[in-house]
Amino acid sequence: MNMNTRASLGRTRAFLTVFLKEVKENLRDRRTLTSAFLTGPLLGPLILVMLLNITLNREFDKAEKPLPVPVIGAEYAPNLIAALKVDGIVPKPPIANPEVAVRKQDADVVLRISPDYGNAWRKGEPVQVELIYDSSQRDANTAVARVSQLVETYARQQGAMRLVARGLSPGTAWPVIAAKRDQATAQARAALMFSILPYFFVLTVFMGGMYLAIDLTAGERERQSLEPLFANPVPRWKILAGKLAAICVFSAASLLISLTAFAVVGRFLPTEKLGMELDLGLNFASRVLLLMLPLIVLLAALQSLVAAFAKSYREAQTYVSLLMFVPVIPSILLSTMPIKAQAWMYAVPLLGQHLGIMQLLRGDGVEPQQLGLCLLGSLVAAALGVLVTARLYQSERLAISG
Amino acid sequence: MIEVKDLHKAFGTVKAVDGVSFKARDGEITGLLGPNGAGKTTTLRMLYTLMKPDRGQVLVDGIDAAQDALAVRRQLGVLPDARGLYKRLTARENIDYFARLHGLPEDLLAMRREALVQALEMEDIGDRRTEGFSQGQRVKTAIARALIHDPRNVILDEPTNGLDVMATRALRQFMLRLKAEGRCVLFSSHIMQEVAALCDRIVVIANGRVVADESPEALREQTGEANLEDAFVKIIGSEEGLAA
Chain A
1 MNMNTRASLG RTRAFLTVFL KEVKENLRDR RTLTSAFLTG PLLGPLILVM LLNITLNREF
61 DKAEKPLPVP VIGAEYAPNL IAALKVDGIV PKPPIANPEV AVRKQDADVV LRISPDYGNA
121 WRKGEPVQVE LIYDSSQRDA NTAVARVSQL VETYARQQGA MRLVARGLSP GTAWPVIAAK
181 RDQATAQARA ALMFSILPYF FVLTVFMGGM YLAIDLTAGE RERQSLEPLF ANPVPRWKIL
241 AGKLAAICVF SAASLLISLT AFAVVGRFLP TEKLGMELDL GLNFASRVLL LMLPLIVLLA
301 ALQSLVAAFA KSYREAQTYV SLLMFVPVIP SILLSTMPIK AQAWMYAVPL LGQHLGIMQL
361 LRGDGVEPQQ LGLCLLGSLV AAALGVLVTA RLYQSERLAI SG
Chain B
403 MIEVKDLHKA FGTVKAVDGV SFKARDGEIT GLLGPNGAGK TTTLRMLYTL MKPDRGQVLV
463 DGIDAAQDAL AVRRQLGVLP DARGLYKRLT ARENIDYFAR LHGLPEDLLA MRREALVQAL
523 EMEDIGDRRT EGFSQGQRVK TAIARALIHD PRNVILDEPT NGLDVMATRA LRQFMLRLKA
583 EGRCVLFSSH IMQEVAALCD RIVVIANGRV VADESPEALR EQTGEANLED AFVKIIGSEE
643 GLAA
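Taken in sequence, the protein lines are chains A and B.
Heads up: the first sequence runs through residues 1 to 402, numbered per this note's numbering.
Heads up: the second sequence runs through residues 403 to 646, numbered per this note's numbering.
Next comes chain A alone, as it looks inside the complex (with noise of 0.2 Å):
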């Protein structure tokens, strides 16, 4: 073989080198690995542990703890208020103002009982309990929803009594009963509270290759390396198919890293506590991973693209932060706005991927249909993203350094 068939061959390897040379480089770089592979795909599955801990803690405090609630005219219902403390509930001196103490989270809630309790009670005329709370402080919720279920349950006992006692069915004084039954699965109420979860997933992607793609222009313009390397006889596409593919290498490996922790994660979470099941296993992975492949690579090009119209280094950095901002506005939409999914909807780039990872959270998979919408829509906006980078990249303005 000849020097030049030699040399023709090699050249056709100038990807490889590319992609090679900028892997190699970005592995001695710290802030890059820390980014790719610690901060970005551990922040995830290290928010949703606390998200979950936070959650747990509060609910089995309330329903489990005695609750303290100030009672203002005890005296007049003492048998309501044995029934109560059997259940936990622990009466506490009245308090002057119970408005202002409910609003200013001094008490969850306040029972007030009128002193015509006693007469009306007698007489078998309804007589009325207040609870006094602010809806808007969630925290009192629980506490709230407990106590006026306790009273409500008191009544219908004594309704129920009374009814015996003159000789009816209790069943005349309910002719309507509704009975709950619920259809959400353990899994489906997972979903709705880890709805954060696909958006974790992106945001790792995006963290994972964030500082190679602003290297690809930005940084090596900054630092004049971007003439040299074109003075070379590589096509200006081969060398940024170089680059990109080795943003898309980092988050890839970001994700999988990702994922691998939410699988780690997802064994010792006590979701069955709260009644939600979550599988966070080596079926749901392989299939976000499917799902993000084709947004690995829109990622990659867009931010790619966003760098290259910066001077400098810094303000690449700038844009691409913003840039981040994107993937958080299907997550907001959808966890806000109760939106039925429709079909196209997979299409889109983003929305599809947080559609998809949340069936497969609620236990419900990904049709091949959802599926194949899902990647096509995304495999379209990545290379349109790739082309219209590439053609940014053929541009004179953009190698000249200062």
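It is worth saying that the hints were derived from the structure and are not from the lab.
Certain hints may be false.
Covered stretches of chain A, going by a simulated chain B footprint (3 or more residues, C-beta under 8 Å) [what the hints assert, rightly or not]:
#, segment
1, 13–25
2, 223–230
3, 233–246
Listing some non-contacts, in silico: residues in chain B with all C-beta distances to chain A over 12 Å [said to hold, decoys possible]:
#, residue
4, E430
5, R457
6, A473
7, A484
8, R515
9, A572
10, L600
11, V613
12, N629
13, D632
14, G639
Chain A side only, calculated, beta carbon under 8 Å to chain B, not exhaustive [claimed, not checked]:
#, residue
15, R28
16, D29
17, D139
18, A399
All residues carry an ideal CB built from backbone N, CA and C; glycine is no exception.
Following the hints, put chain B in place on chain A, whose structure we already have.
Frame of chain A, contents of chain B only:
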């Protein structure tokens, strides 16, 4: 051999290069001399196909840059104005990267790289990461990676910029060596001493135009000045932007 015919390049309304023609022959050192902002760097950038000329032609060893930019780049070794290195790679790794982009087979690559490391006296810095390199060490590395594919034509944009006396001397010796090897060496400078000491041919550029294209002796004769410095000032018409 590098041939430039009637090159034009404008940025907006500014005519950076406005009709530049010259030839740089094999086995000669051709100096592109001119004050700052005369259009030297823009001319060179069109030579190594980083920019497209608005008008005119660039021929490198007979290959038209507009027809086959990649082939032209293969014939050139370029030290651009921007000579940034990859700071997390060692000097040798920096050189290897460009060698592989040129498609050099690994055995040849190692041979050529070591020859250049020796010729440029950079054995002591070869395996160091380039972060924190001195200006001189950086230029050496940048030259080594520019010449790794053994190009017939060498373009150096202000190669001695920022170098100390010793490094400058070494670099001049190296350029003479390239000439002795029969290569076509084209370099730009705004330093007259340097051009006078090295060049077989001097192309003087001012305001985007070639105002003289002669041997140093002919230049002196043409202007009637015994001293090259005075000759330049006379040609360019002002002393602005020239350094002794």
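Non-conforming hints, listed in increasing numerical order: When the structure is compared with the hints, numbers 6, 7, 17 turn out to be violated.
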